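Visitor: Dock chain one against chain two, each of which comes alone in its own frame, and use the hints as you go.
So the chains spell out like this:
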Amino acid sequence: MNPYPDWLNPGDNAWQLVAATLVGLMSIPGIAVLYAGIVQKKWAVNTMLMAFTGFSLVLVVWVLWGFKMGFGEPMKLGPGILQSFVGKPRSILGTANQGQAVIPMLDGAMPKFRFSESTLAYFQFVFAAITPLLFLGSVVGRMNFKVWLIFVPLWSTFAYSINAFLVWGGGFWGQAHAGASSLFSTGALDYSGGYVIHLAAGVSGFVAAAVIGPRLNRDRERAVPNNLPMAAVGAGILWLGWNGFNGGDPYFAGTNASLAVLNTNLCTAVALLTWVIWDIFASRERKPTFLGAVNGMIVGLVGITPAAGFVNSFGAMIIGVVASSLVWMSWNWLSRTKPFKKVDDTLGVVHTHGVAGLIGGLMVGVLADPNVIIYLGNGKDVNDVTASGWLWGHHPAQILVQLCAALTIIVWDAFVTFAILKILGLFMKLRAPDEVLEQGDIGVHLEEAYPDETLVTGRLDGVKA
Amino acid sequence: MKLITAIVKPFTVGDIRTAVDEAGVHGLTFSEVQGYGRQKGHTEVYRGAEYQVDFVPKARIDVVVDDDHVDVVVAAIIGAARTGKIGDGKVWVTTVESLVRVRTGERDAEAL
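If you read the protein sequences in the order shown, they are chains A and B.
Count the first sequence with the working numbering and you get residues 1 to 465, in order.
Count the second sequence with the working numbering and you get residues 466 to 577, in order.
Next up, chain B with everything else stripped away, as it sits in the complex (with noise of 0.2 Å):
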């Protein structure tokens, strides 16, 4: 097993949903976090004073799948939040090493 999270442009997610949904996995998670990378902030002037904003907004997508399904869905979720432009994001896969369904306790692949 292995969780797939991305970093991705906001406006990108519905996409994704779909796109992850297409690749036979049905469920993900998302939220709202705020970072830097390549891509610069910018300024926001209030009253005269002028303000440097480092942190862009940005959607964290989790989702954890079996092995067989990592290369595709990552595909997946690439070829949603790709616009070409600086502050696409970044996606990256970690091994998990175990999982529970909390409703019924199954556990593992039977939890996916």
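Next up, chain A with everything else stripped away, as it sits in the complex (with noise of 0.2 Å):
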């Protein structure tokens, strides 16, 4: 007998595992209690809650019809961009999915998967199940909660699939277009969801924000966070569990691998430190906050998101700085003006995640290092894998590439959020009653984050104990 198939690789098959959960442990508890703790007291449990139904709606469509859209065999819809914008929805609860994983597309292009289809499925699972999670903070405070249950499916299918497709599928975006210009020589680069996820979620999030509507003034007004050290622990599970994030997406565990996991957290650690600088010499009040260190945090995780096994160390300190620097003037100063000032975008994630992962994305167009080996060739016929951009690659044509992915993901996901909010809105109320708003979890759940017993006057089920 024999536990493994020849072509499965246990350390590959452990790693991948234990990636995936990393980065499930990003969204529950890491979002749901990052989030619970930075929201107003009054919204704590809704928030909560919409994470956890938001992550086991994801998984369901995931394996029913959301992996093969994002994965599977091309659906041909027509020419040009049509003919690679989607795959074919299938579901794989098949007993197939213990076969040898396999992107078809990318067949061929990289080596083989040494895991199974369960193992793939369940790692890209994690990703799309944080990305609604992402734009969720900048929902939160007034959207109505059967809204979000039908918005999440919706979304997952006609926005996430398709951003992976296109990126990470073998779609449009992943294959080379030489016969169109010399400049597209290349495909766009995106090592874990620059684009896919973050530029994403930011867009969509603030999409939806705009189309939802605000939340009540005096909520606005008076939004103060409720349990800092909550946060605390929330915002260190993410910068943790990105090691996954990024750590698994070269899908071997190798050396790409590790400097993914090194780089992720050296940037990381420089646009924490960076906001940090900016918030003593810069802001208005010349302190430097906790939760601004939080903000430099996620933004130097996001943009090294699309980079980590393509840059080198050095690159990586220097997306941390630019990423850092450019956003923290997007969150204190683009943030008073038009549209942004008009959209309440609750945790300003269009900043911390949109704009982060742009510059990340833009940014691997300029520092992607040619001896950052991503998968060795043989010394002979077949040549290594690696990525070049303009700095150390002398391509900066790659710029363009990874500008013009950035632009389909915007005006893609920026639509189709603007749509399914507004066709659901024929239907239900997209923003909850002002009177429940008044109440916030209490209306909306009967729950409250932190209850106080003294105030009970005993239970309505008259069950004794």
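Mixed in with the good hints there might be a few duds.
Stated by the list, open to error - Restraint-style ranges between C-beta atoms, simulated for each label pair:
#1 B:Glu515 x A:Lys112: 49 to 59 Å
#2 A:Glu438 x B:Asp527: 22 to 32 Å
#3 A:Ser56 x B:Ala540: 49 to 59 Å
#4 A:Ser91 x B:Asp480: 51 to 61 Å
Honestly, the hints are just simulated from the structure, not real lab data.
Since this is a predicted model, take the numbers as computed values, not measurements.
Using N, Cα and C, we set each Cβ at its ideal position, and we do this for glycine too.
Guide: Structure below.
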């Protein structure tokens, strides 16, 4: 008897499952308690329940049709980008998921996977799941809970699966288009989701916030967090969970995974410190703040995400400084201009994920280093697989490819988010009624985050202990 | 001298502070309290069990004023606290016999 098929490598399989679990922990409890700690006390329960339900909804969608839409056989919808826009929806519920994982469009362009399809599907699921949870931060504090339950599956199907296929499933932006122009001799580079996940979340969250409408004025004026230590727990889980996020994306437990993990932590540390320094010298009060540092941390994590295994560690530090500085300016200055001032993006996701993901993605075009080896060649007829940007690879055209891929994601996700919400809005109220918003968690769920037993008169169902 | 006490909805405290200040009285005390009146409590459900919560969070405002300011300050508080819905609260006035400023030892009107 043999526990392993010949193609399976226990080390790769183990790392991929651990990496997936780390990424899952970023969502629950990571995002759930980070956001629950940052929102007002009266919205903590609602925030956590939206996170846990979102995670669950995406897994159901993922196994029924989403995974194959992102990573399966292409659906030929027409010429050009439509030829490789999305995969054919198929479920993966049969026992075939025990077989060797394969992404059909990338077969031959990378080493064969050494784990099964169920490993790949679960690993990709946790990325699909965290994306709606990120833009939850934009709409929390007023979105109708029932709309959330319908919106998440639709968004995951029509926005996320397509983002994933376009960039990671071997779709249009995963391919070179040298025939169209020599500038497009390479595909877009997105190591772990600077575009597919973070730019997507920032854009979708911002559009959703605009369509759904703002929180109560009273809540916006008193939007103080209720539990900073809980936010610290969530933020820490995010940071270390990111070792799976970026360390898992080479799909092999090799040297590129190691470099991606080191780069991720390095960029994040630099970005956190950069934000703190900006706070000390340029904020209105000239004081370093903890929640500012958490913003800087997230910007570092997001900024390195598209780049982690494409850049050298010096490049990782540059991304940390640049992304954190630009997003600090976006957060503090751009946010006071239209349309950012008008749209009520509750936790500023458009800055910390949208702007940061875009900057990270563009900087891959600048900093991708051809000496960083993603997959080894054989020293003869098969070359090492590497990526080249402007600075170290003398390939400035990559910046243009990165920009065009970003624009595709921005336009498509903004459109899909807008369309889904406008259609749902015909049938149901996107925003909870004001009297429910005044009550918060008690109005929506009959629960509150910190119940006070001294105020309880008794049990209504009369059960005696 | 009178003590004006108001029990109001917590979110009106900021507006009350502004209104009292504009009425010419520069100082008040506020505390978080729990109580019940005509406004019903609510139920909460934890792990399938339904609990009755009969107390409602309220803010209590205390402000001592000279007799000339009583009417204007009461009007200011009511103006800022009224939403027209059940649970807006109550305001009452009591007589204060004497008052001392702790730092200086000034008494009564001088201490206001």
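Visitor: Each hint: holds or not?
Guide: Here's how the hints hold up against the structure:
The hinted range of 49 to 59 Å is satisfied by glutamate 515 (chain B) and lysine 112 (chain A), whose Cβ atoms lie roughly 57 Å apart. Taking the beta carbon of each, glutamate 438 (chain A) and aspartate 527 (chain B) are about 26 Å apart, inside 22 to 32 Å as hinted. Separation of serine 56 (chain A) from alanine 540 (chain B) is about 54 Å and conforms to the stated range, judged on CB atoms against 49 to 59 Å. Checked against the hint of 51 to 61 Å, the C-beta distance between serine 91 (chain A) and aspartate 480 (chain B) comes to roughly 57 Å, which is consistent with it.
Checked against the numbered hints given earlier, the structure satisfies every one of them.
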